[in-house]
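Asks: From the two separate chains plus the hints, produce the assembled complex.
Listed here are the chains, written in short residue letters.
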Amino acid sequence: MERSLQRDSIPTNRIERYMARMPSLPVTVNRVMEICNSPSTSPYDLNRVISLDPVLTGQVLRLVNSAYYGLRNEVTSLPRAIIMLGMNTIKNLVVSSAILSTMSGRDDVHALDMDAFWLHSLSAAVAAKRLAACIKIPAENQEEYFVGGLLHDLGKIPLNSLFPSEYAEIMAEAPQKGTDLCEKERKFLGIDHTQVGGMIAEKWKLGVAIEDCLRLHHESLSASERNVDRVRIVALADLCARRFGPDNAGTCCFDEEAVDMMRLALSIDQTDLDDLRETMADEIEKAMIFLHIAGGDHGDKD
Amino acid sequence: MGIRIKFWGVRGSIPSPGPDTVRYGGNTICLEARCGKADRLVIIDAGSGIRSLGNSLMAADVADGLREVDIFLTHTHWDHILGFPFFAPLYIPGMTVRIHGSSSYEENHLEKVIGGQFMYRYFPVRVEELASIIEYVELGEGAFDLGEGLLLRTKRLNHPVSCMGYRFECDGKSFATVFDMEPFQNLFEAEKSGSAFDERLAREGEETAAEQNRLVETFYAGADLIIHDAQYTRREYHTARKGWGHSAVEDVIEAAQGNRVKRLALIHHDPERTDDQIDELAGKFHTEGSSDEVMDVFFAREGMEITL
Ligand SMILES: [Zn+2]
Ligand SMILES: [Zn+2]
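Chains as they are written, first to last, in numbering that gives the first Met the number 0: chain X, 0 to 301; chain R, 0 to 307.
Honestly, the hints are just simulated from the structure, not real lab data. Backbone N, C-alpha and C define an ideal beta-carbon position, used for all residues, glycine too. None of the hints are false.
Reference excerpt, derived from the structure (chain X facing chain R, CB under 10 angstroms, subset only):
| # | residue |
| --- | --- |
| 1 | Pro42 |
| 2 | Tyr67 |
| 3 | Leu70 |
| 4 | Val74 |
Here are the simulated DMTMM-like pairs of lysine to aspartate or glutamate, each with C-alpha atoms no more than 20 angstroms apart in a straight line:
| # | chain 1 | residue 1 | chain 2 | residue 2 |
| --- | --- | --- | --- | --- |
| 5 | X | Lys204 | R | Glu105 |
| 6 | X | Lys204 | R | Glu137 |
| 7 | R | Lys36 | R | Glu147 |
Here are some chain R residues the structure puts well away from chain X; computed CB gaps all over 10 angstroms:
| # | residue |
| --- | --- |
| 8 | Val61 |
| 9 | Ala239 |
| 10 | Glu249 |
Excised from the complex, chain R in its bound form (with noise of 0.2 angstroms):
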């Protein structure tokens, strides 16, 4: 019962195999969440490590009919989707792939970004000759009952596309989904120096920022488990990687720390970052806990597997 999750992939930007990160994994973002009693399968990403994850579904649960299957797209850069195409369930006549993701301000994008991914310059199988059905299910922010006791609460985060954090909440569990994530940024501030430089923008800049910052965190408070982008120190995000779109560790868990979370998972690690310096970040940074007073912070690592 509850929820359990698997993470298939945690790596962030580009897929980064080698024997510095055989121990943390070199496969871009995919989770696998079973949720409540019917065990309902949620993919979140379709990062090269959805490829395992779909050999792993091919051997057990399509075996056993599996027809649907639920993609939840956190955005579509290329290391939230690059693993798709390798998908073996979509090769399954009679299956049905939904992949749901943020609205755009184009109409049917996620269509033209995932189906556009299955062209002959890009790869030789046409979305045609696909046996699977794949259907398109674009979000705003909300709540979403997807049935089976399964809720859903979205939320926009700063990323430089549109880019969805997801909430999931079953049986009284819950764990949210917040990357890629950067703090929202007073862009009015930066040119402080400049002479365009307005304080009345520069004032609803901060009032805006910190208000959406403080929604993102009213979205993910009390969760069981948070799954957070945290790509840099913030040594590196405070050199040259402002704009970039990626939290530092340091800041997740300070924000994460007063809102009642118990677990937090630390997640899009850098390519560049071997297994050595994550052990060391994680000397640092880890903690132990799993309750409201001490929350248990751990740097994600490829086959993990949590049980809420």
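Isolated chain X (complex conformation) (with noise of 0.2 angstroms):
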């Protein structure tokens, strides 16, 4: 690997930079475009193209929560934000964030399959939320677990666009031999997408919790007291997003003994598991027809 970075490289002003003007994902673009040019937007519609897109969410929670707001508490819903922020700020700048996309292109040479890292996204997104149910979190308080599960991977979406080739090679290499997708992240960029994910979380002030889902859901354990539940939902979810989800987000090799431990510890049900499945098609099925996408081929994605 030639041209693999030198471990005490770690580019992280280079992902900084790019945090700062991230695209929103190809999938979304033309729905929020429809919905942020309507002259009468309805603000159900903003909330759910928002809330479908792990970039724009972010975005939207990293506003409301940056020096903009003197907040005491960080804000994690999505209709809090657009309250506080106004439809008109929030339409702009999701519009700005969804501009970049159409800028980047689809045909850069990218490893990551935006569309399969979308799909990936929100399956975790909304197993993360009724897993929340599962365990008896209020309702109030499961939207919480849906961004954490929507967001979790976000730290691949810089290094799939600042090391596009590097990355390509730890994506071919990972699934293959079983071995852990972030170990090859830092064997070859020095720094693995659960570490860029908690960077993007503290600069983007979310918050503990959410921070700790986007750190921790590859070693759930390490989670600190207070959010060891809801890291381990969001893992938990991560993996059933895998099993039964219609992607290949590339993590790595579904891991049957690891969903058991895991469920055993939240004392969730098999019988809540296998009920997951049926919850995701249906959100996914949801989420295309309100983005207009064309379902169909996603599901024999590889």
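Replies: Below, the structure is given as structure tokens:
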């Protein structure tokens, strides 16, 4: 691997610069534009389209939690952010992120299939919210689990965009040898997507709960006492999204043993997990209808 | 000592000269405040009223050696910035003009918007050709020490663009600007009949809007003077002007009354509002007081001066 970077040259400043102008996912772009350009945008539609995109969700929460507002507690809810920032500001913020996405173009040589990444993120979000309900998290807090699931792999985006050829090699090797993606990322780039995710969450002031989800979803036993359930839920949702979801986000092969361990630690019944498959499929379909994109062949992409 | 305030422009939306607006004035918003022993100059907004203020500064302060000017922009809508290129001190060598304004999701947006006015297609002088130096200071919510005993607190307001409320305190006196501002709305309630209606979102929206409105009130509570957007009457507001980013007189008075405000200046008069109509509103809403119990309520008039 001649091209791999030295371990001591972690390109964090490049990653930080990228974070400031992160493009939304290509899959939501058209609908984002359509909703934001409509003179009579419904707040429900705006909320919906943002909540289907990890980057847009992150950007909106970043703005509301930055020096912009002098808050004592982090805002992790989109509807709150929409009211505080106002529809106009949100629409313009979201559109600028979407425009970056159209400029970066789909035809770049990127290792990460962005549609698959989207499917995986959304599946994990849906699963996390559902699992939160299973462990009796009150309804008004379940949305935070959705956000945790939606954003958990956000750290992959800068790595994939900034180091496309290295990332392609990482992705090509990771699943075959059955080794951990994070390990490969660290070997080739000196930093892994959970570390980058942690950086994003920290920089965007998304709060420790979400930060832990991004940083610790591959080592959920390290989570602090306060967030341990939340991180485990997101970790389990991630695994379930890989098992049932139509995607291949390339993290690693599905691990039956890990699922059982996590499930037992959270006291979740096997039947609840079985139900997840249908829930995820339903929600993905609804999202696709909402985004006006065809479903169909997403299921058998490998 | 204390704080003196002069209104150089009180109109909203667009300059509105003419026989119907001579008494309250047709210039858009610009305020001058002089604070404390140092007589520290603070300018709020650069609507068309800033042209006359600039001329007055040239005749006195600049001749006496003033070389630094601080302008606090509430937001970047046209009516609040259009006078800026006609602010005479910009053309004085050695002058530094500091523009403070709300941060946005965009980097350096103040410079883009304000500096962007000096483009040949809008205005014949380019920014590079100005004799003065313009500095931009972007603010979030918080408290800031401006020196010479002058303190500033900021609070974001609800308007269709990032908009900042300012509260200045000096020598135990304080005034707050609350424009342009529409009370925060529960956007998720408006569509109760719609198919998308979601009770959980509506409840969260209700809490958020109420909390933000409470925070705005806390922000101005106890001030000796607040200068508040009151472009509409309640009746006008409820006929197709919701979401435009402005407040109704009745609502403003009601909110201020419960918050130990001593004097309330209503500002951002609608461009269509004639002097007679404002007099009529004043007849209805004006109260004289200036104590915690009886608030002094009046419609701001161009040229008016107030000492706190
Ligand atoms: Zn205005
Ligand atoms: Zn405005």
